[in-house]
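Student: Start counting the sequence shown at 45; every next residue gets the next number (the numbering used here).
Hints are computed from structural coordinates only; laboratory data are not their basis. Accuracy of the hints is not assured; some may be wrong.
As the list claims (entries may be wrong) - Computed list of lysine-lysine pairs in DSBU-like fashion (alpha-carbon distance at most 35 Å, straight line):
1. Lys103 - Lys176
2. Lys64 - Lys150
3. Lys64 - Lys253
4. Lys206 - Lys69
5. Lys64 - Lys103
6. Lys249 - Lys206
Treat the numbers as computed from the prediction; the structure is a model and nothing was measured.
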Amino acid sequence: MQGPHVLVVEDEEALATLLKYNLEKEGYRVTVAGDGEEALMMAEEAPPDLVLLDWMLPKVPGIEVCRRLRQRSDARNTPIVMLTARGDESDRIRGLDLGADDYVSKPFSVSELMARLRAVLRRIRPALAEDKITVGDISIDRAARRVRRRGGEVHLGPTEFKLLDYLAQHPGRVFSREQLLDAVWGSDVYVEARTVDVHIGRLRKALNKDSDIDPIRTVRSAGYSLDFES
């Protein structure tokens, strides 16, 4: 299973490195932005599953990054946890009012922060935190790496399983080939974008073996989504 993608927005390099190390140890995929402007750009290029956002940032303050993310349709429901040295209650209220889902004050214990992130994911994006999820008539057991549709087992290769798992975490959202490559193969691996089409074809064939309803939607010039609503 591919872990949730966390965007860490922190200008203190030592702290950013510490957060990245501990998050990756917990199984998350991590990207790091050193200022608010870079964070907004990175969130648009590769939408994260959770944003760990420092309040005091160069270029664009963390509170403004939070506000702008909440205005974007692709980030409206993305969990945002503010990380700050500010302890004033009015600041916490302001952050929560602008759309932050939780607020962790520095200094913090790493184990507590990880617990808070898991709690936020369970509450807001349960599909990212559970071992078993269901989308439409498809059920995915991540621990056993098994997929069933309408009671029958669907046999998938490792890459097709990762693709389905990622799409199922964000039902209805359209992902470009490049976004799927980064999420499933990793940004440090060079793979042709058309490779995605091949694996989507295999996934589609396996899922639709005993069903005439195709849950994978192809959006011309945009990409793919797992969508039972269309």
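Student: All the hints need checking, so say for each whether the structure fits it.
Tutor: Taking the hints in turn, this is what the structure says about them:
Between the alpha carbons of Lys103 and Lys176 the distance comes to roughly 41 Å, so the proposed pair goes past 35 Å and is violated. Our distance criterion of 35 Å between C-alpha atoms is met by Lys64 and Lys150, whose separation comes to about 16 Å. Only pairs whose Cα atoms come within 35 Å are accepted, and Lys64 paired with Lys253 is rejected, the gap being roughly 41 Å. With a C-alpha separation of about 20 Å, the suggested pairing of Lys206 with Lys69 holds against the 35 Å cut-off.
Between Lys64 and Lys103 the alpha-carbon distance is near 22 Å, which keeps this suggested pair within the 35 Å criterion. Between Lys249 and Lys206 the alpha-carbon distance is near 16 Å, which keeps this suggested pair within the 35 Å criterion.
In this structure, the earlier hints numbered 1 and 3 are contradicted, and the remaining ones agree with it.
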